[in-house]
Amino acid sequence: MNPFYRNVLGGREGAIGIAILAALVFIVFPLTLDVFRLNLVGKYLSYAFVAIGLVMCWGYGGILSLGQGVFFGIGGYCMAMFLKLEASTPEATKIQSTPGIPDFMDWNQLTELPWLWVPFKSFLFTMLAVPLIPALLAFIIGVAMFKRRVGDVYFAIVTQAIALILSVLIIGQQGLTGGVNGITDLKTLLGWDIRTDSARFTLYFVNAALLFGCVLLGRFLLSSKLGKLLLAMRDKEERVRFSGYDVASFKVFVFCLAAMFSAIGGAMFTLQVGFMSPSFVGIVPSIEMIIYAAVGGRLSLLGAIYGTLLVNFGKSYFSETFPQLWLFLMGGLFISVVMAFPNGLAGLYVSHVRPRLFRKRVAADAAVASDDKVTA
Amino acid sequence: MDFLSEFGAILMMQGFNGLSVFSVLLLMALGLALIFGQMGVINMAHGEFLAVGAYATYLVSATVQTYLPAFMPHYFFFAMALAFAVTFVLGWLTEWLMIRHLYKRPLDTLLATWGLSLVMQQSLRSIFGPREVSPTMPDWLMGSWQPTDGVDIPINGLFVMSITLILTVGLLVALFRSGWGLHVRATVQNRSMSGAVGIDTKRVDRVTFALGCGIAGIAGSAFTTISATGPTSGSLYIVDTFLTVVFGGASSLLGTIASAFLIAQTQSVSEFFMTGSMAKVLTLSAIVLILMLRPQGLFSIKVRK
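Sequences listed follow chains A and B, in order. For the first sequence, counting from 1, position 175 maps to 180 in my numbering; every step adds exactly one. For the second sequence, counting from 1, position 216 maps to 222 in my numbering; every step adds exactly one.
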């Protein structure tokens, strides 16, 4: 079989799965939803980046990070800083006491652009910063924690603390970050107005294409030896270590990758929604993002996307119509996903739907698979 | 001379501030140290158990004020007992319905208890409303104590401190001087061996979890004397509390005490020099950095891995 077909698309079943989701995202949603709703779906799909990152590092690697919002937020803030600088031209801000700096800095009596903001005048720097700064942060955290063989639970608590630190820092440093309100009033990207309907339409497709790119990259990595090692590490870490593998490096790698995915999602979020605020950084959003992956199935990249869409549709439906019920439902979702369906929707698919769909083929596939093993 | 006495007063107030933060932190961390340190279970709903304790106190206060005004000066201790009883029973049920199925999957416990915390938060909001409430304090808890001029020590702070002291000593005695404590420590060290010598480890787990929740209830009850309670007030502290326990070395109660002391002093001293949020960032970052260098925490029991 063609290796691209087998490893990246995941064989016939994987290719059909991708085709169905692609048809839904690229054809059905744009045709049936108006621009406002489509923009909303685009926002959800930007969360899905975090969810597929979590599938890789939590589902496969066994590393539960309670701080993915940190990376989502940093990616989003990098993008927002660039857009804000572009929106704060001296002409647009001439009523301020210091024209040419973002409005919230002026409100906080800043008289010049802080050094942290200066590099974000460059588009190239911003494009590099969006994935690389979160990856660097993840690398530092990962090396410090995994090289010392810190347990999963400790890692979860430390990442949660980092999420708290960053959100308190952003809220506290009002002059530098816009405080609780975040960075708002973003207008153009390199002169292209991102608030128009046509821009939103285009951004939706860019976002979806990037998401599928990440899914395919994830599929490729997970079907390679790395994916098998991750699973082996998750289940018997000591044994992998004694087989001569550097367990910590694999963990650091997958954690950095998840951070980069989240950051891309954050940047796309900023572009589509038009602002970034600390409410996407702290503990609560970080844990909420875990439920997306958990509902969809922690071992399925496509499942994570469905999970994200489903939870967010549910959230917007219930918090509009029955706001009282939403937290009960969300809490119930956490509990039931853990207690009853540890593999989420994808797990239900594997146990209930697949046997009906492929009743005859499963037996044939099993035979082919065992042949494959023999020939390989 | 004048300057010196003023300086002394500032120092004393600051020291008292630190001690007060310390006792609050320790009070919250005690129950968690028991559950997380001894059982390895992450209870993200700990803050909500705290809030349940606080609301129980509020209910007793409101009832007594309406029907038995003469009893007002003495109600607080009954309220505390009720807070303990309610949270103990809730903890018992939680362990029975949820936690016991998840001992092998600690990360999943974290998610499940987070779900529980959402449900509890919303229940509290539906029952008591979104606004913060506080019970009417008996007169003897109001006011302040002035040992010298310029030094003003609030009684309720002293009250919380003494509750913390009593609970800590009580828990230490229970763990190290009672049959139950012996069983708990044995179960922590070697579960299958403890089972083999006839300890009912499942029962030990359930009682330990329930007791940890009960302590959270008492803590919540004590907190009503210093701040108002809302449905989400428990969740504000959960991260600090976890960090306290982890920083001290999860299975060491003395470590928890030491780390609560260190964190509280760092926090209150740095608050003197910068804004509250920056002080918090500084303290938390210091803890995270130290944890990265020394992941087992300040005090750790040596175990063979």
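Keep in mind the hints are simulated off the structure, nothing from the lab. Here a beta-carbon is modelled for each residue, glycine too, at the ideal position from N, C-alpha and C. Warning: the hint list may mix true and false statements.
A few chain A residues facing chain B, derived, Cβ under 10 angstroms [claimed, not checked]:
no. : residue
1   : I32
2   : I296
3   : S341
Mimicking DMTMM-like on lysine to aspartate or glutamate, the simulated pairs with C-alpha atoms at most 25 angstroms apart in a straight line are [to be verified]:
no. : chain 1 : residue 1 : chain 2 : residue 2
4   : B       : K110      : A       : E325
5   : B       : K110      : A       : D157
6   : B       : K110      : A       : E242
7   : A       : K320      : B       : E12
8   : A       : K241      : B       : D158
Hint check results:
1. I32: With Cβ-Cβ at 35 angstroms, over 10 angstroms, it is violated.
2. I296: Given a least distance of 8 angstroms, the restraint on A:I296 holds.
3. S341: It holds, given that the least Cβ distance between A:S341 and chain B is near 8 angstroms, below 10 angstroms.
4. B:K110 - A:E325: violated (38 angstroms)
5. B:K110 - A:D157: Judged against 25 angstroms, a Cα distance of about 13 angstroms means the pair holds.
6. B:K110 - A:E242: holds (16 angstroms)
7. A:K320 - B:E12: violated (56 angstroms)
8. A:K241 - B:D158: violated (58 angstroms)
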